[in-house]
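Engineer: Taken in order, these protein sequences are the chains called A and B. Position 34 of the first sequence, counted from 1, bears residue number 34 in my numbering, the numbering being contiguous throughout. Position 18 of the second sequence, counted from 1, bears residue number 18 in my numbering, the numbering being contiguous throughout.
Not one of these hints is a red herring.
Simulated crosslink set (SDA-like; lysine to any residue; CA at most 25 Å straight-line):
id: 1; chain 1: A; residue 1: K44; chain 2: B; residue 2: T40
id: 2; chain 1: A; residue 1: K44; chain 2: A; residue 2: R64
id: 3; chain 1: B; residue 1: K42; chain 2: A; residue 2: S7
id: 4; chain 1: B; residue 1: K42; chain 2: A; residue 2: R109
id: 5; chain 1: A; residue 1: K44; chain 2: B; residue 2: L47
id: 6; chain 1: B; residue 1: K100; chain 2: A; residue 2: L46
Calculated directly from the structure, the hints in this document are not laboratory data.
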Amino acid sequence: EAGVAQSPRYKIIEKRQSVAFWCNPISGHATLYWYQQILGQGPKLLIQFQNNGVVDDSQLPKDRFSAERLKGVDSTLKIQPAKLEDSAVYLCASSPPLGDEQYFGPGTRLTVT
Amino acid sequence: ILNVEQSPQSLHVQEGDSTNFTCSFPSSNFYALHWYRWETAKSPEALFVMTLNGDEKKKGRISATLNTKEGYSYLYIKGSQPEDSATYLCALVGASSASKIIFGSGTRLSIRP
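Construct the complete structure from the given sequences, taking the supplied hints into account.
Structural biologist: This is the structure in structure tokens:
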């Protein structure tokens, strides 16, 4: 079974630029999560999708972050414009139902200079 | 606001020694507690999903216990090996539809050969 795919693996941008990350979850997993993991901290949930609907986006900084999962499969996370404090690893995960273990992708390490 | 605490933050253990660390969480509104292992340059990997008070789960040399009444879970590693070096994360899943998934900041385990 193929795992969760993410791209790119690494990205370096300057502040005020835009960036987008892509995630392809495990086939058949209805729930998809985006996390931000800042060095030294645990992953913070940014947004959770159930199929193509948003379940929780309460911690997503909506003035600069957006995410979509239009067909209930792949998802993209965008930051526009980026700030220095957005430097982090962005993890995508998927699971069958809520509460079950999550399967994580390799993450995208973003550096904003 | 739910807070999940992990202790210690980091741990250095001699190869062959056994070790354990703690995840503390609010005992109200509990649905599940997850443990993940995150090795450097890899994806976080699920170890256990625990739901019942008194649960004890085991995978090889790693085991975990759960006390939902007092709000803690212990992870034990018996006979530590170099490949056990990783960050161990716990995550609380709340029971209500408004509950987020909250990760602790992790315990970074280093095994000295």
